[in-house]
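Now for the letters of each chain:
Protein chains: 2
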Amino acid sequence: MENFKNRRTIRKYKQKDISDNLLNDLFESAFRASTVGNMQVYSVIVTRDDQRKAKLAPAHFNQPMVQEAPVVLTFCIDLNRFSKWCKQRNAEPGYNNFEWFVTGAVDTLLVAQTFCIAAEEKGLGICYLGTTTYNPHLIIDALELPELVFPIATITVGWPAENPEQVDRLPLEGLIHKETYHDYTLKDIDRIYSYKESLLTNKQFILENRKETLAQVFTDVRYKKEDNEAMSKLLWEIMKKQGF
Amino acid sequence: MENFKNRRTIRKYKQKDISDNLLNDLFESAFRASTVGNMQVYSVIVTRDDQRKAKLAPAHFNQPMVQEAPVVLTFCIDLNRFSKWCKQRNAEPGYNNFEWFVTGAVDTLLVAQTFCIAAEEKGLGICYLGTTTYNPHLIIDALELPELVFPIATITVGWPAENPEQVDRLPLEGLIHKETYHDYTLKDIDRIYSYKESLLTNKQFILENRKETLAQVFTDVRYKKEDNEAMSKLLWEIMKKQGF
Chain C
410 MENFKNRRTI RKYKQKDISD NLLNDLFESA FRASTVGNMQ VYSVIVTRDD
460 QRKAKLAPAH FNQPMVQEAP VVLTFCIDLN RFSKWCKQRN AEPGYNNFEW
510 FVTGAVDTLL VAQTFCIAAE EKGLGICYLG TTTYNPHLII DALELPELVF
560 PIATITVGWP AENPEQVDRL PLEGLIHKET YHDYTLKDID RIYSYKESLL
610 TNKQFILENR KETLAQVFTD VRYKKEDNEA MSKLLWEIMK KQGF
Chain D
410 MENFKNRRTI RKYKQKDISD NLLNDLFESA FRASTVGNMQ VYSVIVTRDD
460 QRKAKLAPAH FNQPMVQEAP VVLTFCIDLN RFSKWCKQRN AEPGYNNFEW
510 FVTGAVDTLL VAQTFCIAAE EKGLGICYLG TTTYNPHLII DALELPELVF
560 PIATITVGWP AENPEQVDRL PLEGLIHKET YHDYTLKDID RIYSYKESLL
610 TNKQFILENR KETLAQVFTD VRYKKEDNEA MSKLLWEIMK KQGF
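Quick mapping for you: the protein sequence lines, in order, are chains C and D.
The C-terminal residue of the first sequence carries number 653 in our numbering, and the numbering is unbroken.
The C-terminal residue of the second sequence carries number 653 in our numbering, and the numbering is unbroken.
Any given hint could turn out to be false.
Calculated pairs, DSS-like style, for lysine-lysine (alpha carbon to alpha carbon, straight line, at most 27 Å) [said to hold, decoys possible]:
1) C:LYS496 - D:LYS620
2) C:LYS633 - D:LYS496
3) C:LYS634 - D:LYS650
Source of the hints: derived by calculation from the structure; they are not laboratory data.
Every value quoted in this text rests on a predicted model; they were computed, and no experiment measured them.
Taking the hints into account, I'd like the entire structure generated from these sequences.
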């Protein structure tokens, strides 16, 4: 339990490989995660090759972890394998739709997170790349994903070469609701965000970006409305193009 | 690690409560999961009240776990809290779109799965209810979820009152791809699914449903094309109605 609470995202890794044995052992654990109807509608692409990493890097805005980590894992929704099995067994699959994109995402993300926790228990460090849903077409191209396969999470994995400070989290009361959703009053919001806003690193962040508030750093710099809308359009189009 | 590999979904629970202390301890672990930009765009609704469980039950096709488990947790994508904070801090949020529905789903599912693994470490048993995305409108109604809040995973939690057999999983080679996606040949599909198809329980399943193949049990009985398509339409509409 203490492992869970002390965890940190690791972005710098030692130049030391991860054996196939260890990786397979972690996958054995990960694939025990709950899965809808025991259908396992996911696949994992393991990237170790430097050239393949270089091809994948632009999709992740060239974040250095992609090329520096010994292993990059792309967790994909996969309705292709299941549908192929159906067709080969005289059954007509009907999984090329939005419901199964979402159901597949649930399946896939439970596996990804189980992998991460198992990996951290073995002393490895991981980093999720939020960029996976920004440029799915580039990932699809780099990893040669066919129809009904869609990348939903990417993690870099390696032996930690840093020990960063743990970042803040919102207080429990800000995240949990008893029986029904209790919408937030102005006072609630002030209280829930006060610790985050009091942190020196976050105050620095406001100054560096010449903003008035921390929230503006998110809305005006990091995750802008117009970018979000363009990405929404692209994500929807690529999802359709992949057959969902 | 052995815990991970020996896990089973638990659907029958002892009539014994889970303390708030233990639950909060598990949430402390769960909320350490990776989150996009440290934004934590999720909320968890804790259902303990019998009347609320009864209201929630039809959304989950009255599966008995909902009313028998001491605790039901509904993990929701939540862009409402973050957007409220933005508005209160003179920042214009732009998270009411598909990109943030998906990003929020990733955030939320990593938390849900971390909770489950932490809970199992403490001896609790859990069951994911795949029905969450079938009737989201009923859940939204039962839990009074406002705009920009969307239920993406439900789990029932309790002290195990059963020790079921572990179910099968596909072999690793069927789920992992090296460097690029290697599409499946007819022979690959036969090999990957052979163990599953050889199981007596699955053969029984074909007989009971008067089908020719196990795949037909999925396509003709459990997850039918017309149902999937109707659910896709509904899921999309409710997502839009919730403001995404």
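Structure-based check of each hint:
1. With a C-alpha separation of about 15 Å, the suggested pair LYS496 of chain C and LYS620 of chain D falls inside the 27 Å cut-off, and the hint holds.
2. Note on LYS633 of chain C and LYS496 of chain D: the hinted pairing holds, with a Cα-Cα distance of about 14 Å set against a maximum of 27 Å.
3. A distance of roughly 19 Å separates the Cα atoms of LYS634 of chain C and LYS650 of chain D; the hinted pair therefore holds under the 27 Å criterion.
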